[in-house]
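Protein chains in written order, with my numbering: chain A, 1 to 170; chain B, 1001 to 1505.
Simulated from the structure, these hints should not be mistaken for lab results. Among the hints, a few may not be true.
[Unchecked claim] Facing chain A, a subset of chain B residues (Cβ under 10 angstroms, in silico):
no., residue
1, Thr1209
2, Ala1215
3, Ala1428
4, Ser1461
5, Ala1463
Every residue, glycine too, gets a C-beta built ideally from N, C-alpha and C.
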Amino acid sequence: MTTPTRTPLDSVFDPPEEEWTPLSPRYRDLKRVMVLLTYGIEALIIGVVLAIFTRWWIAAAVVLVIVIFAAWRYTRQARLAASWAYAERANDLFIRHGLWFRHLEIVPYGRMQVIEVDSGPLQRRYGLASVRLVTASASTDASIPGLEAEAAATLRERLSARGESQAAGL
Amino acid sequence: MSEQLPTPTTESATSPATEPTGSATSAPAAKIEERPHPLTPLAKSWMAVAAIVFFFARDFIEHGRPNFERFGIVGGVIVGVVLIFGVVGGFASWLTTRFVIDDEELRIERRFIWHSSDKVRFDRIQSVDVEQPLLARFLSLAALRIDVGGIAEAKKIEFLSRKRAYEMRDYLLARAHGQRITVEQSAAKPVGDAFEEVAGDDQIIYRVTPKQLIATALTATNVWVTALLLFGPLLIAVRLINDMPLIAAFIPSVLSVVGLVWKRISDHWNFTLSRTGRGLRISQGLTSLNSQALPLDRVQAVSISQSVLWRPLKLYSVQINVLGFIPGGESEAPKSVLLPAGTIEDVRAALATLWPGFDADAVELTGIPRRVRWLHPIAWHTIKWGFDDFAMVTEAGVLTHQRFIVPLAKLQSLALDQGPLQRRFDVANVTFHLPLGAIGQVRASDLDENDARWLALTTPSRAQAARDAADDRTELDAMAPPLAQPPAAPLAQDHLGYPSAVDRP
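In isolation and in its complexed conformation, chain B is listed as follows (with noise of 0.2 angstroms):
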């Protein structure tokens, strides 16, 4: 990464450190070292406390008096432990956590059972996320989320005030960016508030409404086969035996569901892409507001879905594999999904914002030849490959038709099968490997042998020469505004001598 280091333009006195030296040895001024919000182990230990106020509270309301009796011992025990783990411990852990953000490091230091100091290179910060849980926003604060990509966890800072933990944010990434600012200078920006997560100058690509997302989140592919599997056998039970205990049966089912939707709703809502000075950013959330940076170089591929219920609505769903977030991991913010829900405009400035210069839509697609459309009797439709000097595009599905674009410059490595009964119709499978995340490989399934041959053979140089290509561009940063980059020249015949684009007849 090149870091830009003009001259220092701060008042400090120190030798600019964008590295940390371990020259402890020079003792450096005073630092000052500073604890999370006093009110971190209230928000942090709500459940707790929650908890025992609710095990009091029914005898409360019902006799005015809190009712120890008909606990006895164990009862108290439970409530012993529970103080001390949740209330206490949240309190000695917030009491002995510091941090030290500044102009010259960042170190988060724990001293609570386990001693830790994290030092966090300026350089090796890839995002900086601002996350507020419900009862966090009632008090106003907020978690600082550090990522630093690669194998390392992100590091935590809970809670600050939640201007505190914007303009913390905001220096942070810049400081990531290689920018040589203080925290006075960034402080000096606006920032957001409780519930708008987008700053006065921001320029907003895109914002999801409500309207959109709780479509899409009622009709989403897996909500209605999940009901439809979990209601259709009870109601044909109930029909049958015509009892009604039978209903009862159907509130976990109807919980099911709901806990799917309301996931989905509150998650995404007020999603909004927007490109601000430092980069782009992803808001989103109901009662945990989430905003998050996206790094632009690290997403490696992207999946555009429909559910069928979709198709009268015209909406579409965007999700993308961005390396170094596992998904099914801590899933905090679900860093993976670029557009919940939205029009097929939407869609477009999604990948414009992404890949500026690639327009999916212009890429050829080819179908499964005739002689297997029985292998695939409802969708034989749908399954199309193509691709073009920049990016593999395939596509497939009827219930949930879902388009996969690869950029050959992330493509990791490939592979080329075929099961017996391929065989015997002469076809096969090749499928690109991508970094573990959300997409972990794409398949274009049931090609023509000759071509799968083909593309197998012929896709690494391709590959190779987009990587190339990309390196050759001035790096595509996100804080100026997108240059329209025009895609790669076309290659010439390539030495198995099949022309560069594939036409079929």
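With the rest of the complex left out, here is chain A (with noise of 0.2 angstroms):
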């Protein structure tokens, strides 16, 4: 066999013929708002904490590097959540996501057993949705999150007769 060319990074993970779909864009938007929200609260008690308990600078220090972290990680969200994305194919789906922690979950649609369609509050804010599939392996890690909720519908709807149509048994 002859040794196969050098491929560009990305296309490790990339399925031969079909496109990716990407998410929704307020995806990243829904994103940033959780770094803020998560990295604000903990600035804020560990601050407090550390001011109450030893000198104010020492809690100004902490806090200035939470904030610089949190900084980085804002700006992150955006090529995170353009990472995540998801292709159909002919008889499996493809669910690709991470940047230094690359991941491709490969779901044979008829080992599909549950498509869970979740929202969580913030999420109906954006007015999105995450499309979960759940098989008989407690492994697998296929969710999809950040779908316009329409989408997601429509996703769940062609997996399960997709999953329907080609059902195996265990």
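Using the hints, put the two standalone chains together into the complex.
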């Protein structure tokens, strides 16, 4: 077998024919708000606790570090959200995500047992929903966060139609 | 599941009912509901009785009579509570438990505090096990455990006389396989006894000798690593401090190591895999003799392991992932062990029993690329992967060398992932996901990234072909002698242009 030629970085995770479908752009906004919320609350609590029990400048330094880290995370959400994508192939579903730790999940339609569409309170404000595929395996990590609610519903219809027609026994 | 319904040969006049009809309207002939064996309360609550006896035995031996004043009110209350819950409760629950196993149905009724009536369809029974805990064994009793598969918990009937339990087990298994026989016909076949769970006409595939079991129990990786971690620092401390009291610190460590070894020995004593007239059976256990049916079609994956100390002993152990058994849950019978200790011949026999026609040794294995050997300085030469049309094979490990075999037909989903360090060296991992069980997933680590991509993209179609081949084959019935199944025809080049066998320089 001839040694295959080196392929560009991203294409290791690409399906051969189909195109990737990205998430809704509002997902990035949602994740940014989440970063602000979580790191903001964290900085507040840690800052107050440290200010009470130690010098004020220790608290200020720690809070500054947290703020810098949060700023980096904030700017990174755009690229992270862009790294999420899914592709519906003939017999299986591809879901890819990640920048540093790249992950591609391949779920055959016949193995899908349950297709869940969830929407948390923050997601609902942005009109988004997550689609999650459940198989018989606990290690299957196949969820697509941040789809437009309608797109999520139609995706679920398509997936369950394919899943039923290709259902495989355990 | 295909059910054959031959013309009933029984004298029973009632209509053949392989499924429970909701027709409670037709009053059946008076059902004989049985109680479990009268000695059941004793077998169940022996621990409570033993605790009370022990409580008073000390004083009794010292002074010749039980010393009530010492314990006063509180002691009396505690004893009273133990008596009520343990003994009286056990007696009451025995009194209010009935069951029916006859030609038509299997039903268990309980009326103690919680009323429940469990009716089990014969064809939904996955396996029937006979368990003999220690005291029950002395009393010649046994418990029947009926596994209905899926999420429902197993149903237990505690306790029956041993002979009756075996008879019921054989009868239920026969009915579960679709045979239409009556209870009397089933009872005519021979059964096992207290120490042997093998009837006359069974064919033993292999049996683990005590020598093998003890040798592997003492040298299993988890045992000697635990011993090293516990005793190493202690020994060093004793050396340095040279102080006797530290010896007392050894005792808990010794106990825990002894406990590990003992658990293994006592769980798997006399492990026997046999082919009976009704399927495959595993029987094992020293204090608690357990016998369970092995459902071949529910086995999802196999792992063959060898601790580094077993190399000179030339022994291996085989674990399986059985659908529906989650380790860590109620584990009265260690269901995920197919061979606790055996030679390579036993391993081959085990694999041949599970998957006749599949030759694990013939699968060609590829190692990791040279450039990433430094990521696994000790174990790089052991990490390998390979496949054929039937299964994926991966192996790894120096302290415990493990080889995983996953039939492609059982694959659920798979994942391809790559961390930042791996990306620098153009390698990736491929992980195969399996149903919940002892082996949750199998991973091939650090493949060259193009190989990883190719493997991830082509495995689903290969898995589909394997599933189709498995469906086309006549359902492998463990009752019949195994057919020598030829492996499915090899696939031609797929649309990516790669041939179906990977050969590496």
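Results of checking the hints against the structure:
| no. | hint | in the structure |
| --- | --- | --- |
| 1 | Thr1209 | violated, 35 angstroms |
| 2 | Ala1215 | violated, 34 angstroms |
| 3 | Ala1428 | holds, 7 angstroms |
| 4 | Ser1461 | holds, 7 angstroms |
| 5 | Ala1463 | holds, 7 angstroms |
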